[in-house]
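Residue numbers (numbering that gives the first Met the number 0), protein chains in the order written: chain F, 0 to 160; chain U, 0 to 160.
Treat each hint with caution, since some may be false.
One copy or two, it doesn't matter: identical chains are merged, so the pair holds either way.
Claimed, not checked - When the alpha-carbon atoms are kept at most 30 Å apart in a straight line, the in silico DSSO-like pairs for lysine-lysine are as follows: (1) Lys110 - Lys41; (2) Lys41 - Lys119; (3) Lys94 - Lys41; (4) Lys15 - Lys99; (5) Lys15 - Lys41; (6) Lys41 - Lys23; (7) Lys94 - Lys23.
Please keep in mind that the hints were generated in silico from the structure rather than gathered at the bench.
Bear in mind the structure is a predicted one, so any value in this text is a computation, not a measurement.
There are 2 protein chains.
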Amino acid sequence: MSTEDAFVDMALRAWKLNVDRTGKFFSSLTEEQLLHEIAPGKNRLMYLWGHLTAVSDALIPLLGFGARLHPELDAMFISSPDRAVVQTLSGAELKDIWNKINEALWLGFSKLSASDWLAKHTTVSDEDFVREPHRNRYTILLARTSHLAYHFGQAILTRSR
Amino acid sequence: MSTEDAFVDMALRAWKLNVDRTGKFFSSLTEEQLLHEIAPGKNRLMYLWGHLTAVSDALIPLLGFGARLHPELDAMFISSPDRAVVQTLSGAELKDIWNKINEALWLGFSKLSASDWLAKHTTVSDEDFVREPHRNRYTILLARTSHLAYHFGQAILTRSR
């Protein structure tokens with residue numbers, strides 16, 4: 000493996016580790032448990048999972064892999080706070096969506112070369128990219144990995160309660 | 000900047016972003032606020048901050064930068080759960096320790112080349128490293144960045160309460 004490929008491989012391992020532990024945690028919960036709040040008056044687990052799923056779905060066009068699979072998630076889990084919109088999705092349905100989105104992302108990731116990772120993502124202009132070359136796919140991957148960890152840390156607070 | 004250096008630069012940016020937002024959050028709290036729990040019956044903010052500080056201090060020898068600055072933190076914030084040990088450290092003292100450790104780490108990071116980042120960290124044996132070459136400094140950096148985000152996501156739950 001080349002040095003460049005090694006850096007890509009490590010970031011993908013970190014991403015996968017976070018996706019796997021997050022998916023495993025939420026997938027193990029009952030429909031009733033998914034309605035528990037992470038802390039009094041805070042978001043419910045179902046909302047957090049939906050939020051992470053919607054953000055991952057948005058990575059598909061952002062990284063240039065194609066059209067979103069589930070743009071309808073944004074109205075429920077991004078543009079509205081928890082409880083603002085009547086939520087009809089079940090945990091079982093969300094689990095299926097989460098898995099399909101993560102499979103699509105992994106397939107997209109696997110086709111990128113090291114230089115593809117350093118290329119700009121789709122919402123940076125050419126001019127901005129000249130000034131800020133770190134606004135590339137790799138930085139997005141690192142940021143979304145932190146985002147997963149941030150919310151997983153919150154979700155895990157409900158364990159053994 | 001070479002391609003390899005670009006990958007290092009991006010991981011360091013992600014680390015710094017997480018250190019900065021975490022330090023800014025905890026540093027803004029009063030001594031009284033630092034004793035608030037992140038959720039009922041869960042760790043107090045002071046414990047989380049101490050825990051993150053101790054884990055970062057342990058990076059100094061792990062990455063080969065020298066001896067720990069504050070090994071005494073482990074008894075309070077790693078080997079014991081919150082409230083198990085009488086805690087005499089103030090928030091002001093911890094802030095100073097947090098800043099000094101992060102300065103030492105940043106200095107160490109800045110001296111590493113891309114190939115230094117791919118070299119094994121100090122607790123992997125040569126034999127294990129042959130089999131698992133991703134057990135290097137860079138992977139540690141990515142993992143600790145996720146660890147910061149994980150606990151920052153918990154700490155932020157106390158905001159605007």
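Hints not upheld, ascending by number: Hints 1, 2 are the ones this structure does not satisfy, whereas the remaining hints hold.
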